Amino acid sequence: MAQIVSDGSRTDKCFKDKYMNYVAKARKEYCGEAMSHTQVYNHLRKWRQKWARVVKLKDLSGALFDHDVNAIMLESEHYLGHFKDHPKDVEFLNTPIRFYTEMETIFGSSMATVRETRPIHVDPDLYLAVMEMQGFTNEALIVVFTYLSENKAFVKGFVSMSTTIGTFY
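Heads up, the sequence shown is in my numbering, so the first residue is 1 and it goes up one at a time.
Accuracy of the hints is not assured; some may be wrong.
[Claimed, not checked] Quick list of in silico lysine-lysine cross-link-like pairs, DSBU-like style, CA-CA up to 35 Å:
#1 K18 with K58
#2 K46 with K25
#3 K88 with K18
#4 K156 with K18
#5 K152 with K50
#6 K50 with K28
#7 K152 with K18
[Stated by the list, open to error] Here are the simulated distance ranges between beta carbons:
#8 A26 with A140: 31 to 41 Å
#9 T137 with S61: 28 to 38 Å
#10 G32 with A140: 54 to 64 Å
#11 T95 with S61: 12 to 22 Å
#12 G135 with H43: 41 to 51 Å
What the hints contain is simulated information worked out from the structure, not anything from laboratory work.
Small disclaimer: the values here were computed from a predicted structure and weren't measured.
Backbone N, C-alpha and C define an ideal beta-carbon position, used for all residues, glycine too.
Using the sequences and the accompanying hints, generate a full structural model.
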């Protein structure tokens, strides 16, 4: 799957069935073990959950990431305190993370906290539809505008609704 992503497929939402089938077939050819589409999907879900934990642990206060061995390092005091409260995290702390590079390739871009810098298309009527709403602070309206800009599925309905409501005033 890491190879598929490296070749340009996007993982921001989910993998297409053809990729799941490709991975299942490649595994059969590589090691002779058959794997269904569902098994590939479940395996990727498990890896995505692990990746989410790794990303969260990398942000721990006092955590350092060792790129040479792909390990999240905590000083012993922090490690013991964290381990006491979160024993399941031990597999990711102060030890090399198995398949870190592959998980980063597959899921790294879909869980990034920095937004894409490419230009986005914004409905030209959206800004006015949001900012001319009465009874809200500018800060609240900017939050709504930002949300709608990032969730384009709601924009058309919102713009239609606001122009319809505007005719009643």
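Now the hints, each set against the structure:
1. K18 with K58: Distance of about 33 Å is within 35 Å: holds.
2. K46 with K25: holds, 20 Å
3. K88 with K18: Within the cut-off at roughly 34 Å; holds.
4. K156 with K18: Holds, at roughly 31 Å.
5. K152 with K50: holds, 29 Å
6. K50 with K28: holds, 24 Å
7. K152 with K18: holds, 27 Å
8. A26 with A140: 31 to 41 Å: Violated, at about 50 Å.
9. T137 with S61: 28 to 38 Å: holds, 33 Å
10. G32 with A140: 54 to 64 Å: Holds, since G32 and A140 (Cβ atoms, about 59 Å apart) stay within the stated range.
11. T95 with S61: 12 to 22 Å: Holds: the Cβ-Cβ distance is about 20 Å, inside 12 to 22 Å.
12. G135 with H43: 41 to 51 Å: holds, 50 Å
In the structure shown, a violation is registered for the earlier hint numbered 8 alone.
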